[in-house]
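**Student:** Each chain, written out:
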Amino acid sequence: MTRYSDAEQIQASRDQPSRRGFLALAGAIVGASAAGCTVGRPGSTGSRTRAPDPLTQLLTEHASLRDSYDATIRAIGTLGVRLAPLKSNLEQHVAALAAALARKPPPPAAAASVSSAAAASSGAPIADPVAAIAALRAAESSLQQKTMSYVPNSAADRVGLLGSIAACHACHQIVLQ
Amino acid sequence: MTSQLEAMQAALAAEHAAIWAYGVIGTYAAATRRPAVSAAEQTHRVRRDQLETLIVAGSAIPNPGLAAYQLPSPVTDPTSAIVVAGQIEEGLTAVWRFALGNCDTSTTRVFALNALIDSSVQSLAWRQVIEGNAALLHPFPGQSA
Numbered sequence: 816m817t818r819y820s821d822a823e824q825i826q827a828s829r830d831q832p833s834r835r836g837f838l839a840l841a842g843a844i845v846g847a848s849a850a851g852c853t854v855g856r857p858g859s860t861g862s863r864t865r866a867p868d869p870l871t872q873l874l875t876e877h878a879s880l881r882d883s884y885d886a887t888i889r890a891i892g893t894l895g896v897r898l899a900p901l902k903s904n905l906e907q908h909v910a911a912l913a914a915a916l917a918r919k920p921p922p923p924a925a926a927a928s929v930s931s932a933a934a935a936s937s938g939a940p941i942a943d944p945v946a947a948i949a950a951l952r953a954a955e956s957s958l959q960q961k962t963m964s965y966v967p968n969s970a971a972d973r974v975g976l977l978g979s980i981a982a983c984h985a986c987h988q989i990v991l992q
Numbered sequence: 290m291t292s293q294l295e296a297m298q299a300a301l302a303a304e305h306a307a308i309w310a311y312g313v314i315g316t317y318a319a320a321t322r323r324p325a326v327s328a329a330e331q332t333h334r335v336r337r338d339q340l341e342t343l344i345v346a347g348s349a350i351p352n353p354g355l356a357a358y359q360l361p362s363p364v365t366d367p368t369s370a371i372v373v374a375g376q377i378e379e380g381l382t383a384v385w386r387f388a389l390g391n392c393d394t395s396t397t398r399v400f401a402l403n404a405l406i407d408s409s410v411q412s413l414a415w416r417q418v419i420e421g422n423a424a425l426l427h428p429f430p431g432q433s434a
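Chains as they are written, first to last, in our numbering: chain H, 816 to 992; chain X, 290 to 434.
Treat the hints with care, as some may be off.
Stated by the list, open to error - Simulated coverage check for chain H against chain X, where a stretch passes if three residues somewhere in it have a Cβ under 8 Å from a Cβ of chain X:
| hint | region |
| --- | --- |
| 1 | 897-909 |
| 2 | 962-972 |
| 3 | 975-989 |
These are computed hints drawn from the structure, not numbers from a lab. Predicted model only: the values in this text are computed from it and were never measured. For each residue, glycine too, the CB sits at the ideal point set by N, CA and C.
Model the full assembly from the supplied sequences, consistent with the hints where possible.
**Tutor:** Written out as structure tokens, the structure is:
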């Protein structure tokens, strides 16, 4: 249901103050409420609910990379010392993005349900350290680009944070070479 | 509130200082490091020129560099030269993050963002020369503590 048709129905109901009109008005209000709850309606000014904050997706992807570090460290213990500082940085990115969204950070995924960046496509267990590092490096590169893409259009009080996070992803790729 | 122009002029001053510092660093750096020092200096020369162009495009006059600057710590040998190179780049990350937060066009934001990333990576590279794998990985390069 579009906003326009909501308005039409409301207008029609105002023109006919009958029982049928009242029901139409009630239906229009319910419809408008339901439409207002629908996500992804940028430009529907006056809607009672807002479109989701674009940073939400970035937070989810950072939590996912954090979980990939977790899974890799669990699967290949010898990489623990090397990857721990990177995982710690991802935890801080997740916390900072959650704070910017005024919400709680997503908790780490349960061990059994995590598929690492290395195993994400195949579902295979992570065993090869070289492949695991390469997969994490690719994921860092992808998330750096994603984070950078938010900078031109984000609110002024967020661009510094986004820039620093993107720079951190660039540094991680050096360490993962 | 700092205007975009003020932030750009502050970043330009820092780039002038970095270019001057790399001149000293290049004098003391080990021969094997000189190509990397020279490349880093060239990166800053290019950025300074682009920054001056952006400032002129904003109908302002870019502030000139000074004759000499104070280094963050003394450069007396090849090791201290690379230590200072790391400090210079780290200082630039803070300058560029501040500039980024005060840029209000897409073009200047992307410029500041790329400068922040470059300086973060170069700072890490110099610190790795001195500290190896122990070089600290900042979660938020350029953010004041």
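**Student:** Next, verify each hint and record whether it holds.
**Tutor:** Consistency of the hints with the structure:
{"no.": "1", "hint": "897-909", "in the structure": "holds (count 7)"}
{"no.": "2", "hint": "962-972", "in the structure": "holds (count 6)"}
{"no.": "3", "hint": "975-989", "in the structure": "holds (count 12)"}
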